[in-house]
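> Residues per chain, in single letters:
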Amino acid sequence: MSMNNQGRPSAIPANSGAFDGVTGTVTGNRGLQIEEPLIFEQDSAGRTGVDLPDVPKVASRLGAVKPRAKVGLPGLAEPQVVRHYTRLSQKNYAIDSGFYPLGSCTMKHNPRLNEKMARLPGFSDVHPLQPVSTVQGALELMDQLAHWLKTLTGMAAVTLAPAAGAHGEMCGIMAIRAAHEAKGDSGRTKILVPESAHGTNPATAAACGYSVDAIPATADGRVDLEALKAKLGPDVAGLMLTNPNTCGLFERDIIAIADAVHEAGGYFYCDGANFNAIVGRVRPADLGIDVMHINLHKTFSTPHGGGGPGSGPVVFAESLAPYIPVPYVTHGKDGFALVENAGEGPAFGRMKAFHGQMGMFVRALSYMLSHGADGLWQASGDAVLNANYVMARLEDVMTASFEGPCMHECLFDDRFLKGTGVTTLDMAKALIDEGFHPMTMYFPLVVHGALLIEPTETESKASLDQFVEALRALAERAKSGDVTYFQAAPRLTPRRRLDETAAARKPVLRWTPPVVAEALAAE
Amino acid sequence: MRYLPLTEADRQSMLEAIRATSVEDLFRDVPKSARLAGPIGGLPNHMGELEVERLLGSMAAKNVPAGSVPSFLGAGAYRHHVPATVDHLVQRGEFLTAYTPYQPEVSQGTLQVLFEFQTQVALLTGMDVANASMYDGATSCAEAVMMANRITRRKKAILSGGLHPHYRDVTTTDARFIGFEAVALPAAPTGGEDLLALVDDKTSCVVVQNPDVFGHVRDYTDLAAACQAKGALLIVVVTEALSLGLLTPPGDMGADIVAAEGQSFGNALNFGGPYVGLFAVKDKYVRQMPGRLCGETVDADGRRGFVLTLSTREQHIRREKATSNICTNSGLCALAFSIHVSLLGEAGITQLAQLNHTKAVQMADKLAAVPGVQVLNDGFFNEFTVKLPKPAAAVVEELAKRRILGGVPVSRLYPGAMEDLLLVAVTETNTDADMDAFAAALTEVLA
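Chains as they are written, first to last, in this note's numbering: chain A, 26 to 548; chain B, 4 to 450.
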């Protein structure tokens with residue numbers, strides 16, 4: 026064993042078993058990795074983390090309803106709460122701590138200026154139903170964001186209402202349906218969706234009452250134009266296509282695709298999840314797209330927050346511009362005005378309780394202003410460069426699914442693992458031990474054992490090189506037949522592989538007080 | 004550009020590794036007609052932090068923050084005091100900049116938070132289980148109706164006139180496009196609707212709100228039983244989650260699904276979003292739920308851990324057969340909710356709810372003493388409706404000129420109707436001086 030100059034081991038010997046299983050410490054903690062019980066297991070009756078004024082002695086006026094006896098929440102003091110959540114946070118991987126190449130998710134740096142701006146009381150402490158005379162700056166911000174989104178996409182109109190990408194899809198498909206209905210065309214029952222689409226696309230189309238017809242991909246990973254044309258007809262309401270697509274490729278035939286859809290009387294919905302590849306360089310309107318959602322939490326850097334909140338504005342071409350939901354901002358005689366009710370215009374309805382994800386609008390605009398037109402040009406260029414670099418540095422040891430150039434992400438499949446006994450999942454788990462968040466696995470479904478890598482433009486070359494070296498070494502290790510190493514990974518995480526089958530078989534979805542839990546067990 | 008680490012030398016050496024001549028060359032699959040020659044026109048170039056702060060700061064300064072004046076707005080969004088701890092913890096990068104916890108070994112923090120959040124929501128609503136959040140209360144409500152349609156295999160929802168009209172509109176919008184019937188009753192500012200009479204063998208659910216949009220507090224125990232006797236579910240909507248700290252929860256009344264807005268805990272007003280939708284159900288309906296669910300399990304060493312579970316309901320597995328198309332939800336807002344509820348604890352939540360209620364009682368009495376003003380509610384939590392001798396929208400504008408945000412005119416929610424009604428919400432943030440100032444200003448405006 027090699028020692029450093031303080032006489033300590035300088036490396037953990039491979040397969041030493043030192044980190045396998047439970048550590049043997051008295052507490053179960055492992056240095057900075059501290060075990061943390063559930064908050065409900067830290068209860069002390071009467072304890073609280075807030076100091077509130079005394080309740081005025083006034084007779085209550087609850088009408089017919091009785092006050093409840095108890096809620097059942099635990100009592101903790103503030104320092105305990107701070108420690109609880111701090112310790113939990115330390116069990117998470119995050120962009121702030123490392124490379125997060127999760128394909129199709131655009132895990133780019135989340136600038137803190139955006140957080141500061143969103144917390145200005147003029148934005149964060151404003152009620153959605155204040156008189157419009159008191160929120161002119163908020164409406165101006167929404168108007169500015171709309172201007173940027175329309176300029177960047179070349180589109181005629183935008184709604185900021187949808188709360189996330191899938192919600193934006195819903196909004197876009199509703200607009201398509203409303204447009205067909207307005208023309209008295211009720212025979213269109215189908216939406217075409219490529220096999221490589223995000224699961225939300227078919228789910229959205231089905232939720233809006235359409236049947237879903239899948240379009241196959243060509244050998245070069247793109248929509249099969251002839252197959253698409255064969256399926257187009259008077260029963261097709263539209264096409265939902267992601268571009269660049271989920272294989273990380275630009276749909277070369279996109280203009281011909283748009284023309285074909287339009288000739289058949291359908292509308293072209295673009296899933297804008299991958300807009301980061303082309304933002305500031307290509308305007309979707311110039312590709313013949315009628316409607317597209319934009320994930321502010323991908324392209325425009327608003328934080329993913331462990332699963333939201335997102336924000337999914339939708340841009341519309343002239344053809345669909347009348348069919349947008351409320352609310353929207355207009356320019357009135359006394360400044361900005363807000364149209365809040367569908368009856369006041371051609372809007373098709375409402376998507377959300379209030380005006381959309383204002384907190385995300387501020388962050389996104391802060392990002393846009395920081396980059397400017399020149400910065401966005403550079404950002405999409407670097408995003409595509411980074412992905413192509415990773416692809417070029419890995420394609421001799423892993424199997425790229427399609428020929429490049431790729432756009433902002435590169436796709437590999439598991440052919441390079443054939444015969445090794447190592448799976449895509451095993452590779453991902455071994456990457457975790459190397460200090461990286463895995464790429465997206467097993468998506469898109471059009472290739473076997475997919476590994477979809479999206480580096481984003483906010484990674485340095487050094488960071489990419491370290492990732493590439495780790496992945497190359499793992500690929501070689503897999504090919505050398507060291508299956509057990511992979512199957513035991515990850516070893517160095519707060520928890521090792523979790524039993525997802527058991528979790529689904531007998532779901533435990535909440536904490537239950539011990540007395541109740543015992544009674545249930547005895548049943 | 005400060006967010007872009009590649010140097011020009013990096014770019015050159017990377018292009019060599021790729022064997023490409025230029026970055027533009029990598030875009031060669033884009034039809035030439037659609038490729039811009041350089042940075043897009045019509046937008047400014049990049050700015051430093053200071054310039055962005057100046058620009059956005061000047062926009063923010065044009066708004067009147069609710070906290071800068073006496074403010075009494077509610078109607079689905081409430082200004083509560085959020086402890087400093089909440090915003091500090093949600094800004095930890097490990098929470099803020101993580102994705103949905105698809106890799107559980109490196110996401111135990113987010114997953115345990117979700118498990119605790121689900122438990123807190125279940126406890127507050129009095130239900131068996133809750134999911135890991137929806138976009139907001141209104142989308143929760145619409146998803147609850149669609150879930151009831153799936154469970155009962157019926158396609159007609161009855162929406163109470165006490166349901167927040169925005170929640171009603173989100174639900175009827177879905178009804179139109181998704182293909183079910185939503186019968187919305189007229190607004191009922193003084194109550195007295197007979198929902199049960201409308202329930203027939205095609206009815207999947209009845210949707211009520213507690214407290215309702217006019218602030219009335221109701222006991223839905225009998226309605227729940229009667230709906231269920233007819234094979235329909237009772238969905239209870241809650242727009243002020245703090246009321247659950249004081250009132251008999253929907254679960255105890257027999258609700259099948261609770262759809263609620265959780266903004267009151269941990270989340271700022273934010274001009275309407277992002278907020279956090281709560282969604283809780285009876286145990287037997289778990290597999291028909293929309294959205295993410297976090298469950299307990301063990302790892303390879305037998306230690307307790309958490310994973311996303313029952314994902315065969317979800318779009319990324321089931322695609323067009325999924326229970327909902329929802330993917331990203333309100334993770335960070337759910338975290339803020341959870342931290343605030345943890346700080347409050349049993350003692351704090353009860354006291355905070357009582358404080359809100361008693362302050363509202365005091366405010367109602369002060370306003371009832373203003374000549375021409377009548378309080379419509381017998382029972383309420385922290386919000387009530389008053390009838391004014393003048394159109395409420397104009398009164399609110401006058402109050403705003405006096406730097407008081409005096410509630411939400413009912414006509415803002417129901418255009419052209421009930422112009423003399425005003426919704427007034429009171430929280431722990433309102434001081435006695437605020438309340439006196441409001442009553443005095445209203446007296447002046449109405450004089």
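It cannot be assumed that every hint is accurate.
If we take Cβ atoms under 7 angstroms as the criterion, some of the chain A residues that face chain B in the derived model are [as the list claims (entries may be wrong)]:
| hint | residue |
| --- | --- |
| 1 | Ile59 |
| 2 | Pro81 |
| 3 | Thr509 |
| 4 | Tyr510 |
| 5 | Leu517 |
| 6 | Arg520 |
What follows is a set of in silico ranges between Cβ atoms, one per label pair, in the way DEER data are often shown [stated by the list, open to error]:
| hint | chain 1 | residue 1 | chain 2 | residue 2 | range |
| --- | --- | --- | --- | --- | --- |
| 7 | B | Gln231 | A | Glu288 | 27 to 37 angstroms |
| 8 | B | Gly44 | A | Ser344 | 16 to 26 angstroms |
| 9 | A | Asp245 | B | Ser25 | 50 to 60 angstroms |
| 10 | A | Gly212 | B | Gln377 | 27 to 37 angstroms |
| 11 | B | Gly45 | A | Ala102 | 28 to 38 angstroms |
| 12 | B | Ser71 | A | Pro104 | 24 to 34 angstroms |
| 13 | B | Gln231 | A | Thr111 | 17 to 27 angstroms |
| 14 | B | Arg290 | A | Pro259 | 31 to 41 angstroms |
Covered stretches of chain B, going by a simulated chain A footprint (3 or more residues, C-beta under 8 angstroms) [what the hints assert, rightly or not]:
| hint | region |
| --- | --- |
| 15 | 108-114 |
| 16 | 151-163 |
Hints are computed from structural coordinates only; laboratory data are not their basis. The structure displayed is predicted, hence computed values, not measured ones. From the three backbone atoms N, C-alpha and C, an ideal C-beta is built for every residue, glycine too.
> Indicate, hint by hint, whether the structure satisfies it.
Okay, the hints, checked on the actual structure:
no.	hint	verdict
1	Ile59	violated (12 angstroms)
2	Pro81	holds (5 angstroms)
3	Thr509	violated (13 angstroms)
4	Tyr510	violated (14 angstroms)
5	Leu517	violated (9 angstroms)
6	Arg520	holds (4 angstroms)
7	B:Gln231 - A:Glu288: 27 to 37 angstroms	violated (53 angstroms)
8	B:Gly44 - A:Ser344: 16 to 26 angstroms	holds (24 angstroms)
9	A:Asp245 - B:Ser25: 50 to 60 angstroms	violated (23 angstroms)
10	A:Gly212 - B:Gln377: 27 to 37 angstroms	violated (55 angstroms)
11	B:Gly45 - A:Ala102: 28 to 38 angstroms	violated (55 angstroms)
12	B:Ser71 - A:Pro104: 24 to 34 angstroms	holds (31 angstroms)
13	B:Gln231 - A:Thr111: 17 to 27 angstroms	violated (45 angstroms)
14	B:Arg290 - A:Pro259: 31 to 41 angstroms	holds (38 angstroms)
15	108-114	holds (count 6)
16	151-163	violated (count 0)
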